[in-house]
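Peer 1: Put the two chains together into one complex; each comes in its own frame, and the hints tell you how they fit.
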Amino acid sequence: MNTLFYCSSPACYFDKIPTGSIIFFEFIIVLAVLLSLNFLSKIEKKVLYKFLIVALGIFIFEFFTAPMWHNYHLGGWAYVYRSVSWVLTIGWATLIIVPSILIDVHMVNRKIWERVLAYMLSITVLGLIGETLVVNLGIRSYAPETLSVINGHFIPFLNIPWKAIYYIPVFMALVLSFYKYWSLLLVDKILIPPIKKNKIWRNLLISMLAVFLFELMIEPMVINAKMPAWSYIYRDISFIITGGWILIIWLSMTLVDKFFIHFSLRDKTMLYVLFGTIVTLPIESWLIINKYRLYELSTVENFSGYHIPLTSLPVEIAFAIPFYLILIISFIKYWIYKFDLKK
Amino acid sequence: MEKTKNIRRGKRILIGFAFMIFISLVFGAFPFLLASIVCTGGISLIVYIPLALMLGTAIDKLIFNRNNKIEEQISANTDKNNVGSDNQILLTKDQIALVNYIREAQSRGMDTNSIFLALKDNGWMEDDIRKAFGYSQTHTKI
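Protein chains in written order, with the working numbering: chain A, 1 to 343; chain B, 1001 to 1142.
Okay, chain B solo, but in the shape it has when bound (with noise of 0.2 Å):
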């Protein structure tokens, strides 16, 4: 899981890059660029690299359309006849967030108590928690 987050996000910080080099082909400043990195012994990629990173995760959700929704094909197993059938919840961006942050908690062993407490004591209302700590059963990641 790890090894494919980081080979994404190699990928995005790739496809970052070549953005930016096309546009700085575009409108000629290819050799700052350039120089900028050469002449700063690469302390300048301290910038350039979360640029690099944010630009290619916004093309990669944009344009290939990965994104961190969680979607589960739900298939309906309480019905026979509806074999190939299946239904996709898509959460929202809160739900996402709790769905995220449960499970995190739940690795570090945290218990559900905890949990609950600190999301109730950040705002959250204990419905969406109790929905959220379901879609966290329910849901796998993509």
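For reference, chain A alone in the conformation it holds in the complex (with noise of 0.2 Å):
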């Protein structure tokens, strides 16, 4: 059994020793990270503050879904927590924020839609290309919840799941969402009126879009269990319970833009995650005592061991909800922000 000190499951345990090619492709991704950075940083200002944005927005998401996949063999260097890899984090990052920025430089009087595609096509592109490597260098390995939801069907000669080309495009949009809307708060601190009336009902549907695409990339991490059967909109995804985190989501956001209209939008956006936890925690308090939640064996074993005093919840899930509200939030204002941007 896992404790906050030790742990004994094959989350913690494994083999961590590198391949020389290994080594070669963690050193050339510190090396592109490097030229890249430099390279962009002729082109934009305060490369350095994006790029820790994407790398956050990046290591959120990894932290998250940990238990859904592996990367062994990279060296006892390379790991933050369980086999979650900074290497792997900042190459990620690389891949996201370079084309990114390029497409802002050069596609600057384009409509906004035409930047989106260009975006997602690059980026899958070269989400596709880097899990390739990961994969077939022995890196990535799939837990087994996983590759049940994968079914076997893996791309010929890429030795990558089919899946992928909707798992990358649907991460990439989340993590694109939190260093974009980050970024025009942090660094490049735009200046957004106050707005009278909130469209309400457009802001819902970004919620459920939001909402519904991360729940079906997380499925394999968890098990809706003892819903109506009418209620499972796929394998054990039930619109009662994914309808209640977008309600959730949703009214905190459109009661602190009422009442806290005159606080700054940072602010707010704290606000927005702190009132979507404190209902979040204890109604996943009460799935899980109740059985309704349960966790997948490789989630479970990514486990502490430890649970909040007062309620049943592991500890990781304290952190997970907060984590999981920041990059869904990011990606419904930021969309809100361009759709209320007037021309």
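Derived from the structure by calculation, the hints contain no laboratory data.
Note that beta-carbon positions come from the ideal geometry of N, C-alpha and C, so glycine has one too.
Mixed in with the good hints there might be a few duds.
[Claimed, not checked] As a list, the in silico DMTMM-like pairs of lysine to aspartate or glutamate whose alpha-carbon atoms are at most 20 Å apart:
1) A:K258 to B:D1121
2) A:K196 to B:D1060
3) B:K1093 to A:D267
4) A:K197 to B:D1128
5) A:K199 to B:D1060
6) A:K196 to B:D1094
7) A:K196 to B:D1121
8) B:K1011 to A:D267
9) B:K1131 to B:D1060
[Unchecked claim] Ranges of calculated distance between the beta carbons of each label pair, as one might list FRET restraints:
10) B:M1125 to A:L341: 47 to 55 Å
11) B:I1049 to A:L147: 32 to 40 Å
12) A:I308 to B:K1131: 46 to 54 Å
13) B:D1094 to A:L297: 36 to 44 Å
[Stated by the list, open to error] Partial list, computed: chain B residues near chain A (C-beta under 8 Å):
14) G1010
15) K1011
16) G1028
17) L1033
18) S1044
19) L1045
20) Y1048
21) P1050
22) N1100
23) R1108
24) T1112
25) F1116
26) L1119
27) G1123
Peer 2: So this is what it looks like as structure tokens:
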């Protein structure tokens, strides 16, 4: 059994010994990061801050979804937590920030949908290349629950699952929105006028899209059990539970926007996450106690064994909820900002 | 102004942390709090610091009653017999939001017309905007 200080599960004891080609691969990643930052700094201001924001977004995502895949053989120096590696984090961050900034610079006069298409195409292609490399080098492998979703369907020659064509753009879209949103707030420090009347139904639709995409992606990690059969949309995703998360997030944002209109956008974002977390934590605890929410074996193996006092929530879930909300809310707020932007 | 803001923010973070430590001691969760910071190499502070800031801000506003309302004592300078009397005008949250935006926009060099149009495009009535411009001149932030 795991504890906070001792971990005996496969999540902690795995082969970290790298091969020569993996060491070379890691060297290339670090070199690519340095060269990219140097190149980007010539065409964009404050690149390092933006890179750190992307890296943070990637790290949050990797931390949250660590049970779904494994990153082995990177060397003991490369790991931050369980099999989450900082080397892969900065690699993915570079794959996102380089095309993103290049597109912003060279397509500045294009319409937003053209730029979005360019982002997603370029980042998806680079992401597929990256995933192919880590899989074929023996770094990346998939948890049994993820393999059951993949169902043995791999792209010939690339050895990556067909579902990566879906997972990578969704993952990149969430991280890209996180980066764009926090760059606007913290680096570019844009000034957004207060909005008298929020388009609450449009915002609800955006919330639905964000939450549903994310739920589809993390579906292998959890089991939503004991729901009425008619409520299941895809595998064990129930619109009752997913709809509940959508409502909580949307209501948190709507109420904060109404009652805290005089706060800065950064402070309001923190309030969205805070209120969403305060409401979600006891609900998640209740779902776990009453066996509506079960975590897959790979997920449980990642737990430290420590629970939040007075609840039955693993401490990892207590951290995962605000992280999940930050990613989702950043996606929602970024697209609300884009739709509200008047040219 | 910026320095004062940062000092206030720092104090609120400290208040928030003190509250969190107090609650964790009451519920016997202090070892968990400490371990979650130490064992994550401080990464968990990404969550704890904003949480402490939010808690500290809430406590600061609720208990010490320091808030973002713009208050101004307007001396009755037109009435010489009213020496010592003063009026306080408290603005609504909407008005505070407008005034803060106007001030920030002006400090960034935006002209009045652009500010006016930006607010109008976001659903504000012209009358509210004009009043907010007036308040931005007469009120000081606390």
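Peer 1: Determine for every hint whether it applies to the structure shown.
Peer 2: Hint check results:
no., hint, in the structure
1, A:K258 to B:D1121, "18 Å, holds"
2, A:K196 to B:D1060, "27 Å, violated"
3, B:K1093 to A:D267, "15 Å, holds"
4, A:K197 to B:D1128, "14 Å, holds"
5, A:K199 to B:D1060, "32 Å, violated"
6, A:K196 to B:D1094, "8 Å, holds"
7, A:K196 to B:D1121, "10 Å, holds"
8, B:K1011 to A:D267, "16 Å, holds"
9, B:K1131 to B:D1060, "29 Å, violated"
10, B:M1125 to A:L341: 47 to 55 Å, "21 Å, violated"
11, B:I1049 to A:L147: 32 to 40 Å, "38 Å, holds"
12, A:I308 to B:K1131: 46 to 54 Å, "48 Å, holds"
13, B:D1094 to A:L297: 36 to 44 Å, "52 Å, violated"
14, G1010, "15 Å, violated"
15, K1011, "16 Å, violated"
16, G1028, "6 Å, holds"
17, L1033, "10 Å, violated"
18, S1044, "7 Å, holds"
19, L1045, "12 Å, violated"
20, Y1048, "10 Å, violated"
21, P1050, "5 Å, holds"
22, N1100, "7 Å, holds"
23, R1108, "6 Å, holds"
24, T1112, "14 Å, violated"
25, F1116, "11 Å, violated"
26, L1119, "5 Å, holds"
27, G1123, "3 Å, holds"
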